[in-house]
Amino acid sequence: MTDEEVFKLQHVSKEYKMGQVSVRALQSITCNIEDGEMVVILGPSGSGKSTLLNIMGGMDTPTHGQVYFQNINISTYSAKELTLYRREKIGFVFQFYNLMPNLTARENIELATELVSNPLDLDEILAKVDLKDRANHFPSQMSGGEQQRVAIARAIAKNPVVLLCDEPTGALDYSTGIKVLTLLQEINREMNKTVVIITHNQPIAQMADRIIKLGSGKIVEIIDNKQPLDPSQIRW
Amino acid sequence: MNKLNKMLWRDIRKSWGQFVAAAVVVFVGITIFAAIYSSYLNLKNSLEYYYREYNFLDYYAEARNITPEAIKKIKALEGVKEAIGRISIDVGADMGAEKKAVVRLISLPADTHPSVNDVYLLSGDYFSSTGKKKCLVTQKFAEYYNIKKGDKLKLIINNNLNEFEIQGLVASPEYIYAIRSGISAFPSPGDFGIVYIKDEAFQTLLGYRNIFNEIHVVLEEVDKPQHIFNKIEDILKPYGFIKGIERKDQLSNYTVAEEIKQLESFAFMFPALFLFVATMMIYIIQKRLINYQRTLIGTIKALGYSNKSIFWHYIKYSVLVTLAGSLPGVIAGIYLSKGITMEYNKIFSIPLLYHRIYGEVFFVGILFSMVFCVMAGIQATRGILSIQPAQAMRPEIPKVGKKIALEHIKPLWARLSFGWKVSIRNVFRNRQRALLTFLGTVLTIMFLLVSMFFMDCVDYIFKFHFFEFQKQDYKVVFNRPVAYEDVVELQRIKGIKEVEPILEVPVEMKNGWHKKETVLVGITEENSLYRLRDEELNPVQVPTKGMLVAEALAQQLSVKKGDKLTLKFFLGNIEEKEVQVAGFVKQYAGFMCYMNLKELGVLLEEGKFGTGALIKVEKGAATSVEKELYDIPGVESIESRNEAYHALQEMMAFMYIFIFLLLIFGIIMGVAIIFNTTLINIMERRRELASLRVMGYTIKEIEKTIFRENALICIIALIPGIALGKAMSHLFVKQFVNKLFALEVVIFPRTYLITLVCVLVFVFLAQWASRRNIKSLDMIEVLKNREG
Ligand SMILES: Nc1ncnc2c1ncn2[C@@H]1O[C@H](COP(=O)(O)OP(=O)(O)OP(=O)(O)O)[C@@H](O)[C@H]1O
Ligand SMILES: [Mg+2]
Chain A
1 MTDEEVFKLQ
11 HVSKEYKMGQ
21 VSVRALQSIT
31 CNIEDGEMVV
41 ILGPSGSGKS
51 TLLNIMGGMD
61 TPTHGQVYFQ
71 NINISTYSAK
81 ELTLYRREKI
91 GFVFQFYNLM
101 PNLTARENIE
111 LATELVSNPL
121 DLDEILAKVD
131 LKDRANHFPS
141 QMSGGEQQRV
151 AIARAIAKNP
161 VVLLCDEPTG
171 ALDYSTGIKV
181 LTLLQEINRE
191 MNKTVVIITH
201 NQPIAQMADR
211 IIKLGSGKIV
221 EIIDNKQPLD
231 PSQIRW
Chain B
1 MNKLNKMLWR
11 DIRKSWGQFV
21 AAAVVVFVGI
31 TIFAAIYSSY
41 LNLKNSLEYY
51 YREYNFLDYY
61 AEARNITPEA
71 IKKIKALEGV
81 KEAIGRISID
91 VGADMGAEKK
101 AVVRLISLPA
111 DTHPSVNDVY
121 LLSGDYFSST
131 GKKKCLVTQK
141 FAEYYNIKKG
151 DKLKLIINNN
161 LNEFEIQGLV
171 ASPEYIYAIR
181 SGISAFPSPG
191 DFGIVYIKDE
201 AFQTLLGYRN
211 IFNEIHVVLE
221 EVDKPQHIFN
231 KIEDILKPYG
241 FIKGIERKDQ
251 LSNYTVAEEI
261 KQLESFAFMF
271 PALFLFVATM
281 MIYIIQKRLI
291 NYQRTLIGTI
301 KALGYSNKSI
311 FWHYIKYSVL
321 VTLAGSLPGV
331 IAGIYLSKGI
341 TMEYNKIFSI
351 PLLYHRIYGE
361 VFFVGILFSM
371 VFCVMAGIQA
381 TRGILSIQPA
391 QAMRPEIPKV
401 GKKIALEHIK
411 PLWARLSFGW
421 KVSIRNVFRN
431 RQRALLTFLG
441 TVLTIMFLLV
451 SMFFMDCVDY
461 IFKFHFFEFQ
471 KQDYKVVFNR
481 PVAYEDVVEL
491 QRIKGIKEVE
501 PILEVPVEMK
511 NGWHKKETVL
521 VGITEENSLY
531 RLRDEELNPV
541 QVPTKGMLVA
551 EALAQQLSVK
561 KGDKLTLKFF
571 LGNIEEKEVQ
581 VAGFVKQYAG
591 FMCYMNLKEL
601 GVLLEEGKFG
611 TGALIKVEKG
621 AATSVEKELY
631 DIPGVESIES
641 RNEAYHALQE
651 MMAFMYIFIF
661 LLLIFGIIMG
671 VAIIFNTTLI
681 NIMERRRELA
691 SLRVMGYTIK
701 EIEKTIFREN
711 ALICIIALIP
721 GIALGKAMSH
731 LFVKQFVNKL
741 FALEVVIFPR
751 TYLITLVCVL
761 VFVFLAQWAS
771 RRNIKSLDMI
781 EVLKNREG
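Chain order of the listed sequences is A and B.
FYI, the numbering used here numbers position 132 of the first sequence as 132, with every residue one higher than the one before it.
FYI, the numbering used here numbers position 171 of the second sequence as 171, with every residue one higher than the one before it.
Please note that a few of the clues may not be correct.
[Claimed, not checked] Here are the simulated lysine-lysine pairs, DSS-like style, with alpha carbons at most 30 Å apart:
1) B:LYS494 / B:LYS545
2) A:LYS132 / A:LYS80
3) A:LYS89 / B:LYS308
4) B:LYS231 / B:LYS72
5) B:LYS261 / B:LYS81
6) B:LYS704 / B:LYS775
7) B:LYS6 / A:LYS132
8) B:LYS99 / B:LYS261
9) A:LYS17 / B:LYS287
10) A:LYS89 / B:LYS316
11) B:LYS494 / B:LYS99
12) B:LYS338 / B:LYS261
13) B:LYS149 / B:LYS99
14) B:LYS261 / B:LYS44
15) B:LYS346 / B:LYS261
16) B:LYS734 / B:LYS510
17) A:LYS17 / B:LYS308
18) A:LYS89 / B:LYS6
19) B:LYS248 / B:LYS568
20) A:LYS132 / B:LYS72
21) B:LYS515 / B:LYS231
22) B:LYS471 / B:LYS598
23) B:LYS261 / A:LYS80
24) A:LYS80 / B:LYS99
25) B:LYS704 / B:LYS243
26) B:LYS561 / B:LYS510
27) B:LYS6 / A:LYS80
28) B:LYS133 / B:LYS149
29) B:LYS237 / B:LYS14
30) B:LYS99 / B:LYS72
31) B:LYS287 / A:LYS80
32) B:LYS237 / B:LYS515
By construction, these hints were calculated from the structure, which means they are not laboratory data.
Computed from a predicted model, the values in this text were never measured in an experiment.
Bound-form chain A, shown alone:
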C-alpha cells in the first residue's frame, strides 16, 4: 500500500434483496485508484457501475468487503461519518445534473461551498467552467451542457479529493459532451484532482489513465492507458 492510493477496494460485494430474489450488483470487486488518476469505469447497462461509484462515494455501503479511502476503512462508517466523508472528500456529478431548480447557478454552487471551511473561490470556478455571465440564471434557463457545467462547478467548489461522475455526458449531445469531458480533464490535470468517470460509451475511455471494465458485477479487465487522448480527439 502506498500513499499514492486514494481508494483501495477489497472483495467488495453488493446484494440487493427484494423479497425472495436477490440481485448481486457487485461481486468481489478488488481494485485501487491512485491519487491524481483519471479513471474510467466502463460497462454495459446494469453491470454495477453506479453501485460501485455510490459505494466509493459513501452514498451506499457494501454488503461484504472493505473500502479504504486514503487508508481509512470507510465501509464501517456510520451514517453520520459518511455524511462528513461526502462533505469533505467527495464531489459528485450526475447524469441529470440534479441542480436545485430554485437556485441560480451561483447559488447552486454556494449550496456546496457553505458546507466546507476552505472552498475554492467562487468566481474562479465560474470562470473555469466558463459560466461567468450565467451566474444568476436558474437551471431552467440553461441548456443541458451549461447545467452540467454548473453541476461540475458545484462538485469541485468544495475542493474535494475525488470527483465521481456518473455518466456525466449521458444526457448531452456530442459536442457538448466533449466540452464537459475537456473540463473534467482540466480539473484532473491542472487542479490535480482524482477523477472517476462512469460511462457505457467505449470511446470516452480513451481519455483515461486507467480503464476498469465491468460486466455483470465483476471486473472483466483493467487496462493501463499509456497515452490518454485529449477529449477533442475522441469521436463517437
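Use these hints to put chain B with the ligands onto chain A, whose structure you have.
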C-alpha cells in the same frame, strides 16, 4: 441567507397559494382561540375582581326571624370575615305604561355601604340618613322600562301602594345575571329587577323590628369552608332556618360561572377543529413536497448535508406556516375579544368588566398551533431520514394503471362519457390525492353543520317553548292566593277568550340525597293553554293522581316513573308530602312539575284555588285587556308571551353574531381547503396536464376534468361529512347542558341543503381561484425540467 433557507423561501413563493391556504386555516383557528380565550380571561378576571372589590357573598342563608344576636354569633365564628342581616322580599311593581313586574326589594344600611354584596353606583348617590322614600334600582331593569333617576317607582307592599323616588341606578355582584329563580325559563331583563331601600324604611313598612330574613356572609381565606356553613346553619336553627346557599350555587354566579366554563372549553374545541384541518393540510403539503423533491434530497445528501439539517429544512416549512397563521391570529383574536367581552354586558351586568392583553393568550395560542402543525410536519418529514442517498437518485417505479372496481360494472361504466371516465379513474387511482380533497370536504361540511346547528337548535327550542308549549297570550300572577271561582271571574273582562287558573307553588323535591328546588304547577284537567308533551313529544294531560316531572329534572333527581318524591313546601307550616311521579314532560329550560290543580289544593290542605291565570284574548283586544288587567289591584305581574319572546330574540343577537363569525370562518376554511387541494392537484399533475396541452387539449377541457374530479369527491364526502357534523354537534351540546338548560341536537333539512350548496360553491370558487395556475402552465418548461 443560507442556501437551504433560500430554497425554502423560493419553494414557498412558488406555491404561495398552498402556503397561504394552510396559514389561513391556522390563522382562523387561532383567531377564534385568542378571541374566545382572551374573552374568557377577561370575564373570569373581571368577575373575580368585581367580587373581591364589592365583597360578593361566600354564603347566604334564609331564615324566618334572624335577630342581631344571631348575626353577632355568626360574625364571631372563626373564618367568618363579614356577616350582614337584611330583609329581602319579592313584591309587585307598577312600571307605568300599563306594565307590572316583580321586583326583589332588598334592605341596605343608610350612610355606609353594606360590608357584603356592595352595590356599584352607575348614577346617583348612595342612601343618606335623611332622605325618605328613596330607592336604588338595578340598571338593566331600569333601562328596560326606560326609567331614570328622579322617577317615581310604585311598589305594592302588603297590598298598599308605596311610591319611592329613584335616587340612583346600581349594579350588584349578586345580580350580574338577574333571574328570580332557577326555574325562570329564558328570562328577559324586564321580568325581574332589584330595588334597594333603606333598612329603616323596610322595618317600618313591614313592621319588622330588628329582624332580618337573610344573612349574607363573606369568609376569610379558608380551605374547606363546609364546616363553617354547618355551624352557621346550627346557629340559625332556632331562628327559623329555611335554606343555606353557597356562592357556587348562587343563581347569578352559577349562570356566569357556567358561561365562563363554556367559554374556556369552546376556546379549545372550535380552534381544534381548524387546527385539525391545518394539520391535515400541512401533512399532505409536506408529504407531497418531499415525494416530489426526492432526488433533490438525495443530491443534497450526496453533497454532504446531514440528515438533521435536511430534516430541519423541511420542518421549517410547517413552523413558518404555523407562525404565519398564528401570530396575526393571536393579534386579530385579541382585537376581536375586546368586542366580544364588552358584548357580555348586554346579558350580564359587570360594571368592572375590562379588556386586557394577556401574554398567556400569545403563549398558549402559539404553542397550541405549534403542537398541532409541527407534529404534522414531523410526521410527514420523518421519511426523509430513511431515504438512502443512493436510492433517492434512482427514478421511482411508475405505477401501473390497473382497472378500477367501477369499470367492472359494465352497464354503468359504458354509459359514462369519456371525460367522466378519465375523472373517475383519476380519483380512484390517486387515492392519496383524492383522500386529501375528500377529507377537506368532510371537514368543511362538518364545520358548516356545527356552526349552523346552533341556530337551528336555539330556534327550535324557543319555538317549542313559546309556541308549542305555551298558547296563552298573557300570564297574570296575583299577589296572594285567590279562590278558584274568583280567578275564573276574569272571563268577564271584555276581549278575553279563555281563562285558565293556575296554581304555582315553590317546592323542594327530594329523592334520597338528591334535592332540587322547583315550582309545582297546578293546572286544570281541561287545560289547553299549557300544551304539555311527553319525552316523545306526544301531548299529555295532567293525571288525576301524581305529577308530571320535567325530564331533565327527573334525571337530576334520578327518579323513574312510579317513584315517589318528597315535597317540602316553603309556604306556611305544611308538612312534607310524598307524591308519585306519573310521567315526564319535555322541557328545555325552566324545569317544573305539573299536577292537577284540585289535587294540589288538597295537598296544600286548602280548597280549590289559584295563584294566577293563563289568558287568551280575542284578536285585536290585546291592548284593552292589558289595561283592564293592569287596573286590577290584586294583579302582581302580567307577562306577555310575545314580548318575552321578542326580548329574548334581542338578547340572542349576541349569539347570532358569534355564529355568524364562526360561519364566516368556516367558509374561509372551506374555500382554503378546496383551493389548496385543487392547487396540489394541479401542481402534481403539471407534467400530465402539460402533455395534455401539448396534445391539443384546451385549458377549458383541462379545467373541466379537474372540476369533475373535485365535484365527484365532494359528493362522496357528503355522507361522512354530515355524520361527523352530527357527532360533533352532540359533543358541543354536552357543553351546554347544565342545571338550568337542556339542549338537543336539532338540524333542519334546510341546513343540509345550505351546506350542500356551500360546498359546491367552494368547489367553483377554488376552481376559479386556481385558473391562473392552469393558464400559466409553461408546457416547455414543465416537460424539459426533470425536477419540475
Ligand atoms: N435498489 C436496488 N434494488 C434492487 N436492485 C438494484 C437496486 N439498485 C441497483 N440494482 C440492480 O443492481 C444492478 C446494477 O445496477 P447499477 O445501477 O449499478 O448498474 P449500472 O451499471 O449503473 O447501469 P446503467 O448503465 O443502466 O446505469 C442492476 O441489475 C440493478 O437492477
Ligand atoms: Mg448507472
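Outcome of the hint check:
1. With a C-alpha separation of about 35 Å, the suggested pairing of LYS494 of chain B with LYS545 of chain B is violated against the 30 Å cut-off.
2. For the proposed pair LYS132 of chain A and LYS80 of chain A, the alpha carbon gap of about 35 Å is over 30 Å, so the pair is violated.
3. About 20 Å separates the Cα atoms of LYS89 of chain A and LYS308 of chain B, which keeps this hinted pair within 30 Å; it holds.
4. For a cut-off of 30 Å, the pair hint linking LYS231 of chain B to LYS72 of chain B stands: about 13 Å separates their Cα positions.
5. Using a Cα cut-off of 30 Å, the hinted pair LYS261 of chain B and LYS81 of chain B holds, with the two alpha carbons roughly 28 Å apart.
6. With a C-alpha separation of about 13 Å, the suggested pair LYS704 of chain B and LYS775 of chain B falls inside the 30 Å cut-off, and the hint holds.
7. As the CA atoms of LYS6 of chain B and LYS132 of chain A are separated by approximately 21 Å, the hinted pair is consistent with the 30 Å bound.
8. For the suggested pair LYS99 of chain B and LYS261 of chain B, the alpha carbons sit about 36 Å apart, so the restraint of at most 30 Å is broken.
9. For the given pair, LYS17 of chain A sits about 27 Å from LYS287 of chain B by alpha-carbon distance, which is consistent with the 30 Å threshold.
10. Under the criterion of a C-alpha separation no larger than 30 Å, the hint pairing LYS89 of chain A with LYS316 of chain B is consistent with the structure, at around 29 Å.
11. Taken as a hint, the LYS494 of chain B and LYS99 of chain B pair is honoured in the structure, with Cα atoms around 19 Å apart against an allowance of 30 Å.
12. Pair hint LYS338 of chain B plus LYS261 of chain B holds up; C-alpha atoms about 19 Å apart against a cutoff of 30 Å.
13. Proposed proximity of LYS149 of chain B and LYS99 of chain B is supported: the alpha carbons are some 19 Å apart, at most 30 Å.
14. For the proposed pair LYS261 of chain B and LYS44 of chain B, the alpha carbon gap of about 9 Å is at most 30 Å, so the pair holds.
15. In summary, the hint linking LYS346 of chain B to LYS261 of chain B is supported, as the alpha carbons are separated by about 19 Å, within the 30 Å threshold.
16. The hinted pair formed by LYS734 of chain B and LYS510 of chain B meets the criterion: a straight-line CA distance of about 25 Å does not exceed 30 Å.
17. Straight-line distance between C-alpha atoms of LYS17 of chain A and LYS308 of chain B comes to about 28 Å, which keeps the hinted pair within the 30 Å bound.
18. Distance restraint check for LYS89 of chain A and LYS6 of chain B: the Cα-Cα separation of roughly 25 Å lies within the 30 Å cut-off, and the hinted pair is therefore satisfied.
19. Under the criterion of a C-alpha separation no larger than 30 Å, the hint pairing LYS248 of chain B with LYS568 of chain B is consistent with the structure, at around 23 Å.
20. Between the alpha carbons of LYS132 of chain A and LYS72 of chain B the distance comes to roughly 98 Å, so the proposed pair goes past 30 Å and is violated.
21. Restraint check for LYS515 of chain B and LYS231 of chain B: the C-alpha separation of about 21 Å stays at or below 30 Å, so the hint holds.
22. For the hint pairing LYS471 of chain B with LYS598 of chain B, the CA-to-CA distance comes to about 22 Å; that is within 30 Å, so the pair holds.
23. At roughly 52 Å between alpha-carbon atoms, LYS261 of chain B and LYS80 of chain A are farther apart than 30 Å, so this suggested pair is violated.
24. With a C-alpha separation of about 86 Å, the suggested pairing of LYS80 of chain A with LYS99 of chain B is violated against the 30 Å cut-off.
25. For the proposed pair LYS704 of chain B and LYS243 of chain B, the alpha carbon gap of about 73 Å is over 30 Å, so the pair is violated.
26. With a CA separation close to 15 Å, the supplied pair LYS561 of chain B and LYS510 of chain B stays within the 30 Å bound.
27. Among the hinted pairs, LYS6 of chain B with LYS80 of chain A is consistent with the structure: their alpha-carbon atoms are about 25 Å apart, no more than 30 Å.
28. Taken as a hint, the LYS133 of chain B and LYS149 of chain B pair is honoured in the structure, with Cα atoms around 13 Å apart against an allowance of 30 Å.
29. Taking the CA atoms of LYS237 of chain B and LYS14 of chain B, the gap is about 79 Å. The hint is violated against a cut of 30 Å.
30. For the suggested pair LYS99 of chain B and LYS72 of chain B, the alpha carbons sit about 42 Å apart, so the restraint of at most 30 Å is broken.
31. Taking the CA atoms of LYS287 of chain B and LYS80 of chain A, the gap is near 24 Å; set against the 30 Å cutoff, the hint holds.
32. This hinted pair checks out: LYS237 of chain B and LYS515 of chain B have alpha carbons roughly 19 Å apart, not beyond 30 Å.
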